[in-house]
Amino acid sequence: MIEIKDLHKSYKMGSNSLHVLKGLNFNIEEGELVAIMGSSGSGKSTLLNILGMLDELDEGSYTLDGVPIKNLNETKAAQYRNKFLGFIFQSFNLINYKTAVENVALPLYYQGVGRKERQEKALKYLEQVGLKEWAGHLPSELSGGQKQRVAIARALAAEPKVLMADEPTGALDSKTSYEVMDLIQKINDDGNTILVVTHEPDIADMCKRIVHLKDGVIVEDKKVDQVRASQYV
Amino acid sequence: MFSRDTWHEIFETIQKNKLRTFLSGFTVALGILIFVSLVGLTNGLQNTFNEFFSNNSNNMLYLFPGRTSVPYKGYKSGRQIEFDVSDIKDIEKNFSLMTEYITPRIDRGGVVKYKSEFNNYNIRGVSESFQFAANTLIMKGRYLNKEDIRQKTKFAVIGRLVEQDLFGSENAIGAYIDIAGSVFKVVGVFQDEGGDDEERQIYIPYTTRQLIEKNTDKVDILIIGFKPEIGYVGAMAFESSLNKFLRDKKYISPADQNGIYIRNVADQFKQNQQFASVLAYIAGFIAFGTILAGIIGISNIMVFVVKERTKELGIRKALGATPRAVISSILLESVFITTISGVIGMVIGIAILSSLGEKLKDFFITDPYINIGLAFFATFILILFGAIAGYIPAKRASKIKPIVALRDE
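Top line first, the protein sequences correspond to chains A and B. Note that my numbering has the first sequence beginning at 729, numbered continuously upward. Note that my numbering has the second sequence beginning at 730, numbered continuously upward.
Heads up, simulated SDA-like pairs for lysine to any residue below, C-alpha to C-alpha not over 25 Å straight-line: (1) A:Lys826 <-> B:Asp734; (2) A:Lys889 <-> A:Glu758; (3) A:Lys860 <-> A:Ile915; (4) B:Lys745 <-> A:Ser868.
Derived CB-CB ranges, DEER-like: (5) B:Ile1121 <-> A:Gly751: 37 to 43 Å; (6) A:Asn824 <-> B:Ile1025: 27 to 33 Å; (7) A:Leu746 <-> B:Phe751: 44 to 50 Å.
Since the hints were derived computationally from the structure, they do not count as laboratory data. Using N, Cα and C, we set each Cβ at its ideal position, and we do this for glycine too.
Could you put together the complete structure from these sequences and hints?
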């Protein structure tokens, strides 16, 4: 599903150049649940941004579902993001003046899906994350866990090839974190490919594979026995 | 771009961001309202002004006789100059190409009686063409005519207020009044927009007046109406050649400041026009300033709006909004708000102006109005600049990487 070859990325900091990613190679197959781990500054967020087409790579190649991702203009990148990717952010990033169901329907709007169908689909995904009865509420009326579940429903709504979660539990307490991870595991059980960036070992252990980044290189890439979050809920 | 869905999304955004909508709408509506009111009031001021000065005709020269102050061709200084009937004939003969009419005016005060009513009035001996000079409107009966002048009839045309004073509710036409000891028949009643004084005048044939004054041929002053086609420059040239002609005829030194005075209404008219155009310039400047302030106001708000939405736009971009979609949603929203509120401001302004009518007459403002085209143009300009002011930050926002926009708190 995802193929990374010899990926380099550096940032210009004034006159200095900061080499963040130093030649990464890895593949992710369909249906995997991968945790990208590493301490702060290890380059894990940069990697996710590049995979998410929110940032551009300097060297190397990136292929997503057989499509080479390079030299994208803004419009093309937006279309690919819309078609291939679903994002889950640490700070939820819901639009505060839109209700839960409107937030979930937004990616469908940019896909050009008709109004009625958008509404139906959005409700279906809200139901999947267990928030159907909260559909008409604004983000400010929801708890942190609920917000993240709305964000997950929104990411799912576009029916993307890959879900990308950037510290999805970073702003949540551990009980709510496990609830969210339980949801992510269930979505993965349905066959979705999911990438989780985290620095918390217990969250990483709930994935099926852990890629460990340190100073811009992969130091460890191992399959793990998945810890089911449902046992903590 | 113009699908129902796009508009639905925009209406939703507008509805849910009431403060933002109100701010930008209010700025535009207020700007247009002030613009329409100011331009309207200035137009009202000009209306009053024109009314003031357009009562009497503008294509006129007044000739006043004076006393000479320089000895010339054997005549001593201090000689009183007088106009007489031969001057009228000479001017008619020599300046026929330029004159439309010429009329003398002999003013005398006198007691006028009808039955038991009497009062003091100014009695003017004039010719039939004086009607054009004074812009007199006949209410009933007729004005003096050529035959009256030739036959020196004892006919009088009286002002509306003279009729009111002396006759009350009676009809004055055909009645006989006593003017300073002579009996005149009232043949007409006139009105005049120049005010009460003008409507307390009595006109009689100047020939009759001359007959009463021992059959003299003297006239007091001459009023010449020149053809309007000759224009301001022509009027000035006419004035100077007329001056020269009369000085030759009456043996007055060309260097004499006195002797003859000519008042050229065209000159005064030009001054009035200049005053009016200064007024128009000031009004234009104020209107321009208002529009400029409106443009700056709406630009500020648009920059603020886009800044405030940076994060939202980042989220939208991460979800697949193309730069085009981002720009068009911002622009359509701003153009929609400014158009609606601009038209509202314009309509309110026009409604205020038309409701005023004559109410501000005490402040010299009559029938304020604005050219609808100008009002629409100003509204359009504000909408256009609102759109431009929105486009620049929107374009920039559409180019920020979503990851940067998302970091914006």
